[in-house]
Amino acid sequence: MLSRIKRNINVFSVISVIAALLIVIPMLNILLEVLSPPSAAWVHIRENLLNAYIRNTLLLIGFVAVFSALLGLFSAYVVSRFEFRGRNLLSWMLILPLAMPSYIAAYIYADMFSYTGTIARFMRSANIPLRVNMMNLSGAIFIFTMTLFPYVYMMSRSALSSQSASFSENARLLGANRFRVLSRVVLPLLRPALVAGTLLVVLETLNDYGVVAYYNVRVFSFAIFNAWFSLGDTTAAIRLSGVLMLIVFAIIFIERAIRGKRQYSMHVKGKPVEPKKLRGISAFIVPATLWLIMALAFFIPLAQLFYYASLTFSDVINANFIFLIINSLTLAITATAITVFVALMLANYNRGTKNRFKKGLLKVTNLGYAIPGAVIAIAVMLFVHGIDRTLYPVYRLFNPDTGRLVISSTLIMLTFAFVLRFMAIGYNSIEASYDKVGEKFTEASYSLRAGKLRTLLTVDVPMIKHGLISAAIIVFIDVIKELPLTLILRPTNYNTLASEVFRYAREEMLQESAVPALVLIGVATFAIYYLTHYNKKGVAANVREN
Amino acid sequence: MYVRIESIDFGYTKKQTVLKDISFSMVEGEIVAILGSSGSGKSTLLRLLSGLEIPARGKIEINEETLCSADTFVECEKRHVGMVFQDYALFPHMDVYKNIAFGIRKYPKAQKRQRVMEMLDLINMEEKIHAYPHELSGGQQQRIALARALAPSPDILLLDEPFSNLDADLKMRIRHELRTIMKKSGMTSIFVTHDYDDAKDIADRIVYLENGRIAYEENVRHQ
Ligand SMILES: Nc1ncnc2c1ncn2[C@@H]1O[C@H](COP(=O)(O)OP(=O)(O)O)[C@@H](O)[C@H]1O
Ligand SMILES: [Mg+2]
Numbered sequence: 001m002l003s004r005i006k007r008n009i010n011v012f013s014v015i016s017v018i019a020a021l022l023i024v025i026p027m028l029n030i031l032l033e034v035l036s037p038p039s040a041a042w043v044h045i046r047e048n049l050l051n052a053y054i055r056n057t058l059l060l061i062g063f064v065a066v067f068s069a070l071l072g073l074f075s076a077y078v079v080s081r082f083e084f085r086g087r088n089l090l091s092w093m094l095i096l097p098l099a100m101p102s103y104i105a106a107y108i109y110a111d112m113f114s115y116t117g118t119i120a121r122f123m124r125s126a127n128i129p130l131r132v133n134m135m136n137l138s139g140a141i142f143i144f145t146m147t148l149f150p151y152v153y154m155m156s157r158s159a160l161s162s163q164s165a166s167f168s169e170n171a172r173l174l175g176a177n178r179f180r181v182l183s184r185v186v187l188p189l190l191r192p193a194l195v196a197g198t199l200l201v202v203l204e205t206l207n208d209y210g211v212v213a214y215y216n217v218r219v220f221s222f223a224i225f226n227a228w229f230s231l232g233d234t235t236a237a238i239r240l241s242g243v244l245m246l247i248v249f250a251i252i253f254i255e256r257a258i259r260g261k262r263q264y265s266m267h268v269k270g271k272p273v274e275p276k277k278l279r280g281i282s283a284f285i286v287p288a289t290l291w292l293i294m295a296l297a298f299f300i301p302l303a304q305l306f307y308y309a310s311l312t313f314s315d316v317i318n319a320n321f322i323f324l325i326i327n328s329l330t331l332a333i334t335a336t337a338i339t340v341f342v343a344l345m346l347a348n349y350n351r352g353t354k355n356r357f358k359k360g361l362l363k364v365t366n367l368g369y370a371i372p373g374a375v376i377a378i379a380v381m382l383f384v385h386g387i388d389r390t391l392y393p394v395y396r397l398f399n400p401d402t403g404r405l406v407i408s409s410t411l412i413m414l415t416f417a418f419v420l421r422f423m424a425i426g427y428n429s430i431e432a433s434y435d436k437v438g439e440k441f442t443e444a445s446y447s448l449r450a451g452k453l454r455t456l457l458t459v460d461v462p463m464i465k466h467g468l469i470s471a472a473i474i475v476f477i478d479v480i481k482e483l484p485l486t487l488i489l490r491p492t493n494y495n496t497l498a499s500e501v502f503r504y505a506r507e508e509m510l511q512e513s514a515v516p517a518l519v520l521i522g523v524a525t526f527a528i529y530y531l532t533h534y535n536k537k538g539v540a541a542n543v544r545e546n
Numbered sequence: 001m002y003v004r005i006e007s008i009d010f011g012y013t014k015k016q017t018v019l020k021d022i023s024f025s026m027v028e029g030e031i032v033a034i035l036g037s038s039g040s041g042k043s044t045l046l047r048l049l050s051g052l053e054i055p056a057r058g059k060i061e062i063n064e065e066t067l068c069s070a071d072t073f074v075e076c077e078k079r080h081v082g083m084v085f086q087d088y089a090l091f092p093h094m095d096v097y098k099n100i101a102f103g104i105r106k107y108p109k110a111q112k113r114q115r116v117m118e119m120l121d122l123i124n125m126e127e128k129i130h131a132y133p134h135e136l137s138g139g140q141q142q143r144i145a146l147a148r149a150l151a152p153s154p155d156i157l158l159l160d161e162p163f164s165n166l167d168a169d170l171k172m173r174i175r176h177e178l179r180t181i182m183k184k185s186g187m188t189s190i191f192v193t194h195d196y197d198d199a200k201d202i203a204d205r206i207v208y209l210e211n212g213r214i215a216y217e218e219n220v221r222h223q
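Taken in order, these protein sequences are the chains called A and B.
Just so you know, we're using our numbering here: the first sequence kicks off at 1 and counts up by one.
Just so you know, we're using our numbering here: the second sequence kicks off at 1 and counts up by one.
Treat the hints loosely; a few may be bogus.
To be verified - Derived BS3-like pairs (lysine-lysine); straight-line CA-CA distance at most 25 Å:
hint: 1; chain 1: B; residue 1: K14; chain 2: A; residue 2: K440
hint: 2; chain 1: B; residue 1: K128; chain 2: B; residue 2: K98
hint: 3; chain 1: A; residue 1: K452; chain 2: B; residue 2: K98
hint: 4; chain 1: A; residue 1: K359; chain 2: B; residue 2: K14
hint: 5; chain 1: A; residue 1: K452; chain 2: B; residue 2: K106
hint: 6; chain 1: B; residue 1: K184; chain 2: B; residue 2: K200
hint: 7; chain 1: A; residue 1: K359; chain 2: A; residue 2: K440
hint: 8; chain 1: A; residue 1: K354; chain 2: B; residue 2: K14
hint: 9; chain 1: B; residue 1: K78; chain 2: A; residue 2: K440
hint: 10; chain 1: B; residue 1: K20; chain 2: A; residue 2: K354
hint: 11; chain 1: B; residue 1: K128; chain 2: A; residue 2: K440
hint: 12; chain 1: A; residue 1: K452; chain 2: B; residue 2: K78
hint: 13; chain 1: A; residue 1: K440; chain 2: B; residue 2: K200
hint: 14; chain 1: B; residue 1: K171; chain 2: B; residue 2: K183
hint: 15; chain 1: A; residue 1: K358; chain 2: B; residue 2: K183
hint: 16; chain 1: A; residue 1: K440; chain 2: B; residue 2: K106
hint: 17; chain 1: A; residue 1: K465; chain 2: B; residue 2: K98
hint: 18; chain 1: A; residue 1: K277; chain 2: A; residue 2: K358
hint: 19; chain 1: B; residue 1: K112; chain 2: A; residue 2: K363
hint: 20; chain 1: A; residue 1: K452; chain 2: B; residue 2: K112
hint: 21; chain 1: B; residue 1: K15; chain 2: A; residue 2: K354
hint: 22; chain 1: B; residue 1: K78; chain 2: A; residue 2: K354
hint: 23; chain 1: B; residue 1: K78; chain 2: B; residue 2: K59
hint: 24; chain 1: A; residue 1: K452; chain 2: B; residue 2: K109
hint: 25; chain 1: A; residue 1: K354; chain 2: A; residue 2: K277
hint: 26; chain 1: B; residue 1: K200; chain 2: A; residue 2: K452
hint: 27; chain 1: A; residue 1: K359; chain 2: B; residue 2: K15
hint: 28; chain 1: A; residue 1: K436; chain 2: B; residue 2: K98
Said to hold, decoys possible - Quick look at which bits of chain A chain B covers, simulated, 3 or more residues with Cβ under 8 Å:
hint: 29; segment: 433 to 444
hint: 30; segment: 454 to 464
FYI, nobody ran anything at the bench for these hints, they're computed from the structure.
Don't be surprised by glycine CBs; every beta carbon is placed ideally from N, CA and C.
If we strip away everything but chain A, and leave its shape as in the complex, we get (with noise of 0.2 Å):
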């Protein structure tokens, strides 16, 4: 019926349809480049280092997703289960891990443990005869660990902190101990978000070049960055990426089946569970577990960048400085506006459809977050390249002089790639509010005769400020942590932060990098900070619950 399909033309489904192409023809281009005839340097690869490759890429995912999972379920239960002293202020502080970028911990405890680092003198003054090498794959995992945990520690408090006191008293009543309330009905009911925040650690692991890369450690990031700009070689390039995002599809495709088709997050209303009061020893030893962890992901870093940064400050901060740090904050103010607005259009075009085209066409956006920097870094240049050689003849119309890569050497390209990897992050925590706010005061709008667009502004925009609010931030502290897209894809002679960062620590002038990364990191913890006090504010306190 054509007034049906009329009916879906809006600018929401246009932007969607669109921003969807986008994503999925640079990704489809990769897949396709795999079939293109392999060079010598490839068969090289799979015959000599393929499953090398493949088994530290294995061991580092595995061991980074057991031990966060642990590390964050412990703090999550412990923060949200116990009342102890300094609970509220660690219960937001052991997010703050996540502003720490895992490369620049991974050069501070290198250079800590190294033969002259603070750690290693400090044991030989203390007579310790323990050397500890963090530059191999212990050393990875130890890092990605401490740094990314987080993730399953917001997680998993969000979800014990909704699940309602009913579930655990009814167990109880029903004769249950502590033990068996724990193990049958607090851990299950966890499941899907201990599941979804290791998940993002995974990735997250994954994704990384800067520790991999320094660390020396073989995994498929470290392998074709080096086939593509130490070998020179695409077409191995391309297939090591092929490969990658074949094990990142398993991975997803395992998340799922662990996450099952139970349904956890019914809607029960009730009160959460009150915490209860640590006594005796483990008043002591739980807190101080906790502040260990901090020292160990934040603080003991954080000290060594600030000693560092009172030894280089005044080489380091000139007129360029103040030029990288406003390279940097546009960029990742550019780049988090255009991914939250397109996101703002897609989660429009898909709100409670059971279209299966649309929910197809989501899957596939919100796909780059799964996918590796590295790998979408290549998708894109090739697109973009290739959109350069076909206007090629164009651009010759304006400029006869122009050179043949046009967009590609422009910003266009890195903050594309951000938006296409960044997407499914905003997405998800504007679907999240709408889900949240429900369909029926867009729908009483339309029912006061208020068209798509002021139903947007005046309606929903306002009632999901908040999930635009947080969307913004995390996509933003993504961005400007970023490095693998960022690498790749700047133009020549532009560095970020976070590029600047990795070029001091490359060229050994580790003391340099500390005021570039104490900026970087001020700026996430700030952003952190605002994130969870914002929310605390009484805000939905208007929102009725019904």
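Once you've looked at the hints, dock chain B with the ligands against the given chain A.
Positioned in the frame of chain A, the structure of chain B with the ligands alone reads:
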């Protein structure tokens, strides 16, 4: 006939049938109650009339305008249909004035204010003009929702279980009040309920809905 509904079929999915062969008509100013148990498809019928869902088959005509037929479909925001939602759906970030004025944005300012005051006068709540929805009781919220739906002078007013969120005491009082307001405004109205007493006290005619079909109709009052 002012309202004419002919052989409407509808299901939320292709396989499902929620409403089957629904036909009835109304004269101008009439109040019809749709009475049926929970899940019988009452809310769905209102969603079809307001344009929030598209019927699989059938025709809807209100005030000589075809809103829906085999080859036309007028979208919700283009229909002159007022709706009072089951839980009122007052915009929580707007005060009473802004809520009521929402549907008459195109009126000149002075006229808009006058219309809002008229509505507040009708529901007897002038003093609450700057209150926010969360500061109002359930009964007050319901009356604001009614005023908001009436302000743009729709061709027809739809009310979904207008009493379901009120306690029994209040309900008795408001039932008569609601009929008075509706009759005073001369509005053609359809309201949905699962309670026979509601239907009997307010409506001119009751349409019984059972499993998505009209079982029978009963005249309660002679006009
Ligand atoms: N959004 C929806 N998707 C699928 N089925 C629905 C939806 N809304 C209602 N239904 C189904 O349609 C039937 C009628 O629902 P509804 O019109 O809400 O009934 P009532 O208002 O009379 O209680 C029910 O069986 C219900 O399960
Ligand atoms: Mg209903």
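Going through the hints against the structure:
Note on K14 of chain B and K440 of chain A: the hinted pairing holds, with a Cα-Cα distance of about 24 Å set against a maximum of 25 Å. For a cut-off of 25 Å, the pair hint linking K128 of chain B to K98 of chain B stands: about 12 Å separates their Cα positions. Distance restraint check for K452 of chain A and K98 of chain B: the Cα-Cα separation of roughly 19 Å lies within the 25 Å cut-off, and the hinted pair is therefore satisfied. A threshold of 25 Å between alpha carbons decides the hint, and for K359 of chain A with K14 of chain B the separation of about 17 Å falls inside it, so the pair holds.
At roughly 16 Å between alpha-carbon atoms, K452 of chain A and K106 of chain B fall within 25 Å of each other, so this suggested pair holds. Between K184 of chain B and K200 of chain B the alpha-carbon distance is near 18 Å, which keeps this suggested pair within the 25 Å criterion. For the hint linking K359 of chain A to K440 of chain A, the alpha-carbon distance of about 21 Å falls within 25 Å, and the restraint holds. Proximity of K354 of chain A to K14 of chain B is assessed by CA-CA distance (about 11 Å); at most 25 Å being required, the pair is judged to hold.
A hinted pair counts as satisfied when its Cα atoms are at most 25 Å apart, and K78 of chain B with K440 of chain A qualifies at roughly 18 Å. A C-alpha spacing of about 21 Å is found between K20 of chain B and K354 of chain A, which places the hinted pair at or below 25 Å, so the restraint holds. The straight-line distance between the Cα atoms of K128 of chain B and K440 of chain A is roughly 23 Å, inside the 25 Å bound, and the hint therefore holds. Between K452 of chain A and K78 of chain B the CA atoms are separated by roughly 11 Å; this keeps the pair inside 25 Å, and the hint holds.
For the hint pairing K440 of chain A with K200 of chain B, the CA-to-CA distance comes to about 28 Å; that exceeds 25 Å, so the pair is violated. With a CA separation close to 18 Å, the supplied pair K171 of chain B and K183 of chain B stays within the 25 Å bound. Taking the CA atoms of K358 of chain A and K183 of chain B, the gap is about 45 Å. The hint is violated against a cut of 25 Å. Between K440 of chain A and K106 of chain B the alpha-carbon distance is near 23 Å, which keeps this suggested pair within the 25 Å criterion.
Proximity of K465 of chain A to K98 of chain B is assessed by CA-CA distance (about 19 Å); at most 25 Å being required, the pair is judged to hold. For the hint linking K277 of chain A to K358 of chain A, the alpha-carbon distance of about 49 Å lies beyond 25 Å, and the restraint is violated. Of the supplied pair hints, the one linking K112 of chain B and K363 of chain A is violated, its CA atoms being roughly 45 Å apart against a limit of 25 Å. Between the alpha carbons of K452 of chain A and K112 of chain B the distance comes to roughly 22 Å, so the proposed pair stays at or under 25 Å and holds.
Restraint check for K15 of chain B and K354 of chain A: the C-alpha separation of about 13 Å stays at or below 25 Å, so the hint holds. As the CA atoms of K78 of chain B and K354 of chain A are separated by approximately 24 Å, the hinted pair is consistent with the 25 Å bound. Using a Cα cut-off of 25 Å, the hinted pair K78 of chain B and K59 of chain B holds, with the two alpha carbons roughly 17 Å apart. Taking the CA atoms of K452 of chain A and K109 of chain B, the gap is near 23 Å; set against the 25 Å cutoff, the hint holds.
Of the supplied pair hints, the one linking K354 of chain A and K277 of chain A is violated, its CA atoms being roughly 46 Å apart against a limit of 25 Å. At roughly 38 Å between alpha-carbon atoms, K200 of chain B and K452 of chain A are farther apart than 25 Å, so this suggested pair is violated. Taking the CA atoms of K359 of chain A and K15 of chain B, the gap is about 19 Å. The hint holds against a cut of 25 Å. Our distance criterion of 25 Å between C-alpha atoms is met by K436 of chain A and K98 of chain B, whose separation comes to about 23 Å.
Beta-carbon proximity to chain B at under 8 Å applies to 4 residues in the segment 433 to 444 of chain A; the threshold of 3 is reached and the given coverage holds. Figure legend: the segment 454 to 464 of chain A, annotated as covered by chain B; annotation consistent (6 residues with Cβ-Cβ distances under 8 Å, at least 3 required).
Checked against the numbered hints above, the structure violates hints 13, 15, 18, 19, 25, 26; every other hint is satisfied.
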